[in-house]
Amino acid sequence: MSRTESKPGAGETGTRTRGDGWSPAAAARRSVSRGKRYVRSAERTEVATALGAVASVVAGVRSLRRGDRTGGLLRLGFGTALGVATLARRRSTRSATPSDGEEGRTIPIEDGEQRTPPEEEVETGTHVPETATQLHIPERESPRRLGSAAFNEYSNRLPMPQRVFDTGLLALGAEVFWGVREADDAVLVSQLYDPIQDGAGLRFVGSTQVDDERMLSVPDVVLNHWDRVAGGGMAVTSGTRLVFVTTDALREDSQLLVVPEEWAEELPEEGR
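Using UniProt numbering, read the sequence shown as starting at 1 and increasing by one per residue.
Don't read these hints as lab results, they were simulated from the structure.
Each residue gets a CB set at the ideal place from its N, CA and C atoms; glycine is no exception.
Check each hint, because a few of them may be wrong.
Said to hold, decoys possible - Just the calculated beta-carbon pair ranges, DEER-fashion: (1) D212 to S142: 28 to 36 Å; (2) D212 to G232: 32 to 40 Å; (3) A85 to R62: 18 to 26 Å; (4) S155 to D194: 28 to 36 Å; (5) F78 to N152: 54 to 62 Å; (6) A150 to G52: 54 to 62 Å; (7) F78 to Y154: 46 to 54 Å.
The task is simple: from the sequences and hints, build the whole structure.
Structural data, given as structure tokens:
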């Protein structure tokens, strides 16, 4: 099914939420809560069953000592079988218990799909994909850093460097439009819609807003894009610094380049 992109309102980050308050992340949290209630109920049942198994084994031993061989063996067999069943159920319950690392964690959503964590943890900054360092900046251009800031994955926000506002390209309270450049997968932003929507080789992906405290929200679709560029795993997590870069050409188009710091090592330092 094809998807038609439309201009979202300010503050929209790409997470789909139904009118009744449902979202995939909220549904996942409710599922975890139901699972934990089931586990607690199962644990109470297992305690009672285990006590019954012990009592049956003890009764079987006593019957054998009294000379009741048939009754003793039956009680021993029943108690043993009950104990084995309890152990098997306990193992099954443990396998269904949510892991501590996943409990309560909200994973950002792109177009209704979860932003899934990697199967193996990849330390931020240890993997620099080849494509990520090949930003298309013509030799005649002089890229200039306007500062960087640490991203918070729990709020999807970061504080904007003051020098970004000094350029006049972004302003407090402004709606910020995000786009991806097809040639090199670079992420660009602008407070004007047309330079992103109509820019050559640019694909509009969403919009957010700079609040009055200089905090900028990053859309989930952009975070997922960086994950794909990195070749898997979460490329941008809490503490990852995002660098804001400009060139003469970008400034003429009212655009800024946003790059994870590990991918911007070849760009000039601030103030150059």
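Comparing the hints with the structure gives:
no.	hint	verdict
1	D212 to S142: 28 to 36 Å	holds, 33 Å
2	D212 to G232: 32 to 40 Å	holds, 37 Å
3	A85 to R62: 18 to 26 Å	holds, 23 Å
4	S155 to D194: 28 to 36 Å	holds, 29 Å
5	F78 to N152: 54 to 62 Å	holds, 58 Å
6	A150 to G52: 54 to 62 Å	holds, 56 Å
7	F78 to Y154: 46 to 54 Å	holds, 52 Å
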